[in-house]
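Asks: Model the full structure from these sequences, guided by the hints.
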Amino acid sequence: MVTFVPPEAPGDERGALLAFVEAQRGAVRRSVLGLTEEQAASRPGVSGLSLSGLLKHVAEMELNWLRMAQQQPNDKERDERTWADGFRLIGGETVPDVLEEWSKTAAETEAFIRSGIDGMDDTFPLPEAPWFPPGTRCSMRWMLIHLVEEIGRHAGHADILRETLDGRSALELVAEEAGYAGRN
199 MVTFVPPEAP
209 GDERGALLAF
219 VEAQRGAVRR
229 SVLGLTEEQA
239 ASRPGVSGLS
249 LSGLLKHVAE
259 MELNWLRMAQ
269 QQPNDKERDE
279 RTWADGFRLI
289 GGETVPDVLE
299 EWSKTAAETE
309 AFIRSGIDGM
319 DDTFPLPEAP
329 WFPPGTRCSM
339 RWMLIHLVEE
349 IGRHAGHADI
359 LRETLDGRSA
369 LELVAEEAGY
379 AGRN
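Residue numbering for the sequence shown follows our numbering, starting at 199 and increasing by one per position.
Calculated from the structure, these hints are not laboratory results. Wrong hints could be hidden among the right ones.
[What the hints assert, rightly or not] Think about it this way: if two alpha-carbon atoms lie no more than 20 Å apart in a straight line, the pair counts; the simulated EDC-like pairs of lysine to aspartate or glutamate are:
1. LYS302 <-> GLU348
2. LYS274 <-> ASP210
3. LYS274 <-> ASP319
4. LYS302 <-> GLU291
5. LYS274 <-> ASP295
6. LYS302 <-> ASP273
7. LYS274 <-> GLU326
8. LYS274 <-> GLU291
9. LYS274 <-> GLU236
[As the list claims (entries may be wrong)] Restraint ranges, calculated between C-beta atoms of paired labels, are given here:
10. ASN272 <-> TRP340: 16 to 22 Å
11. VAL203 <-> GLY314: 18 to 24 Å
12. GLY232 <-> ILE343: 27 to 33 Å
C-beta: ideal position from N, C-alpha, C; glycine also.
Replies: Here it is, written out as structure tokens:
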């Protein structure tokens, strides 16, 4: 999972933005590294957030933005009745299941941005919601920047949750994943 985002090839705006999205995804994915399902589902704070629930939310959030950009229906879209289910694993879901689904979404996002659009200035409509002005459209560029922002925000939440669970910091998890754990 990427932590350093190398400079893009000259003129590769799509690649640069996708690399930053992937770096933020990696931070969230790493937060569950080495945890049991029970540890990942535990809620160490008063907010009710768990790492597995946060992981599921971020994966579903990316899928939702992808489907909006593709202007396709989202079979995992949440409503008021199912909103809370987007923050917890239910019906036998596991962390590996969520990670696998998110990997598929990530690959689909990359393919769509790389070859499913004419350019980064292509736009799509945003749905009616209190947080979007009526009639708003956004570009593919804006969507990718928003994914960096949104996933990054949740990566910070994940860092705090993980450190609260077992004291392991994000940098320790990066080192472990890279095979540096225990080295001096």
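Asks: For each hint, tell me whether it holds in the structure or not.
Replies: Tested hints:
no.: 1; hint: LYS302 <-> GLU348; verdict: 19 Å, holds
no.: 2; hint: LYS274 <-> ASP210; verdict: 31 Å, violated
no.: 3; hint: LYS274 <-> ASP319; verdict: 27 Å, violated
no.: 4; hint: LYS302 <-> GLU291; verdict: 16 Å, holds
no.: 5; hint: LYS274 <-> ASP295; verdict: 15 Å, holds
no.: 6; hint: LYS302 <-> ASP273; verdict: 15 Å, holds
no.: 7; hint: LYS274 <-> GLU326; verdict: 18 Å, holds
no.: 8; hint: LYS274 <-> GLU291; verdict: 14 Å, holds
no.: 9; hint: LYS274 <-> GLU236; verdict: 24 Å, violated
no.: 10; hint: ASN272 <-> TRP340: 16 to 22 Å; verdict: 19 Å, holds
no.: 11; hint: VAL203 <-> GLY314: 18 to 24 Å; verdict: 23 Å, holds
no.: 12; hint: GLY232 <-> ILE343: 27 to 33 Å; verdict: 31 Å, holds
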